[in-house]
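Asks: This is what each chain is made of:
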Amino acid sequence: MRGFDLSDAPIDAAALSVALAQSRAGACVTFEGWVRDHNAGRAVRGLAYQAYLPLARSEGERILGEAMQRFDLIRAHCVHRIGALGIGDLAVWVGVSAAHRGAAFAACRYIIDEVKQRVPIWKNERYADGDSGWLHPDDTPVASREFAISPTDDGTS
Amino acid sequence: MKLKILYFASLRDASGCDHEAYEAVTGDAREIYARLRDRHGFALAHDRIRLAVNGEFADWGRLLADGDEVAFLPPVSGG
Numbered sequence: 001m002r003g004f005d006l007s008d009a010p011i012d013a014a015a016l017s018v019a020l021a022q023s024r025a026g027a028c029v030t031f032e033g034w035v036r037d038h039n040a041g042r043a044v045r046g047l048a049y050q051a052y053l054p055l056a057r058s059e060g061e062r063i064l065g066e067a068m069q070r071f072d073l074i075r076a077h078c079v080h081r082i083g084a085l086g087i088g089d090l091a092v093w094v095g096v097s098a099a100h101r102g103a104a105f106a107a108c109r110y111i112i113d114e115v116k117q118r119v120p121i122w123k124n125e126r127y128a129d130g131d132s133g134w135l136h137p138d139d140t141p142v143a144s145r146e147f148a149i150s151p152t153d154d155g156t157s
Numbered sequence: 001m002k003l004k005i006l007y008f009a010s011l012r013d014a015s016g017c018d019h020e021a022y023e024a025v026t027g028d029a030r031e032i033y034a035r036l037r038d039r040h041g042f043a044l045a046h047d048r049i050r051l052a053v054n055g056e057f058a059d060w061g062r063l064l065a066d067g068d069e070v071a072f073l074p075p076v077s078g079g
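Protein chains in written order, with our numbering: chain A, 1 to 157; chain B, 1 to 79.
Hint data in this document are derived by calculation from the structure and do not stem from the laboratory.
Watch out, some of these pointers could steer you wrong.
Derived list of chain B stretches under chain A, where covered just means 3 residues or more per stretch with a C-beta under 8 Å from a C-beta of chain A [what the hints assert, rightly or not]: (1) 25-31; (2) 38-49; (3) 57-68.
For each label pair, taking beta carbons as the anchor points, the in silico distance ranges come out as [what the hints assert, rightly or not]: (4) A:R36 <-> B:G55: 26 to 36 Å; (5) A:H100 <-> B:G61: 18 to 28 Å; (6) A:Q69 <-> B:D59: 39 to 49 Å; (7) A:R101 <-> B:D59: 49 to 59 Å; (8) A:E61 <-> B:W60: 23 to 33 Å; (9) B:D66 <-> A:A14: 42 to 52 Å; (10) A:S7 <-> B:A58: 26 to 36 Å; (11) A:D131 <-> B:G41: 33 to 43 Å; (12) A:S58 <-> B:D66: 17 to 27 Å; (13) B:A21 <-> A:S17: 44 to 54 Å.
Computed from a prediction, not measured in an experiment: that's the story for all the values here.
Here a beta-carbon is modelled for each residue, glycine too, at the ideal position from N, C-alpha and C.
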């Protein structure tokens, strides 16, 4: 399996966790990011992710490589959804295994923080009032003209 | 000089396309973004945009060349 992946299908967290197992691993830390029903005081009905696929993959791999260097890890993986998601859906999964818990906790935190800041993925929130908008952090949502997104578009076609 | 410009998220919505061919008279990415911003009405100024050229992040000082694939990336919001 790839270290970092983007998926337009639901993420199978249980299967991914099994793949972290190693006989020398004494700790496994996973993080699940879920779609919640509110953001910044607005009721959210669902969202959609768009990604610049080639660069998202290479930057995601770069982050996992950094984590492997900085922390004493055995394995590190991350999968991020693209496309349309509903409330409660698993949007992003990070999992690491290590000999000891300290490295596992720190690395898992590092990976999700860096993915959120650096990987070219964008979230469009669909609100209860019918409005929708792209989240470009440090700003209010940039309104979409309509909620029409090509989930798997890598922008190169 | 022919460039292929890629758009994502709010820039894709504003331009109405995921990419376009662009005939540039300069290799200055900042100036090209300013012209495209005027044309399409992008809300974001260039200091909030990250540049990528041929699938890799690039500095705004990078001189663009014929055939480059250029992406103007708005602030990301994955996770």
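Asks: Now look at each hint and say whether the structure bears it out.
Replies: Hints, one by one, checked against the model:
no.: 1; hint: 25-31; in the structure: violated (count 0)
no.: 2; hint: 38-49; in the structure: holds (count 3)
no.: 3; hint: 57-68; in the structure: violated (count 1)
no.: 4; hint: A:R36 <-> B:G55: 26 to 36 Å; in the structure: holds, 32 Å
no.: 5; hint: A:H100 <-> B:G61: 18 to 28 Å; in the structure: violated, 44 Å
no.: 6; hint: A:Q69 <-> B:D59: 39 to 49 Å; in the structure: violated, 24 Å
no.: 7; hint: A:R101 <-> B:D59: 49 to 59 Å; in the structure: violated, 39 Å
no.: 8; hint: A:E61 <-> B:W60: 23 to 33 Å; in the structure: holds, 25 Å
no.: 9; hint: B:D66 <-> A:A14: 42 to 52 Å; in the structure: holds, 50 Å
no.: 10; hint: A:S7 <-> B:A58: 26 to 36 Å; in the structure: holds, 27 Å
no.: 11; hint: A:D131 <-> B:G41: 33 to 43 Å; in the structure: violated, 19 Å
no.: 12; hint: A:S58 <-> B:D66: 17 to 27 Å; in the structure: holds, 24 Å
no.: 13; hint: B:A21 <-> A:S17: 44 to 54 Å; in the structure: holds, 45 Å
Hint compliance for this structure: hints 1, 3, 5, 6, 7, 11 are not met, and every other hint is.
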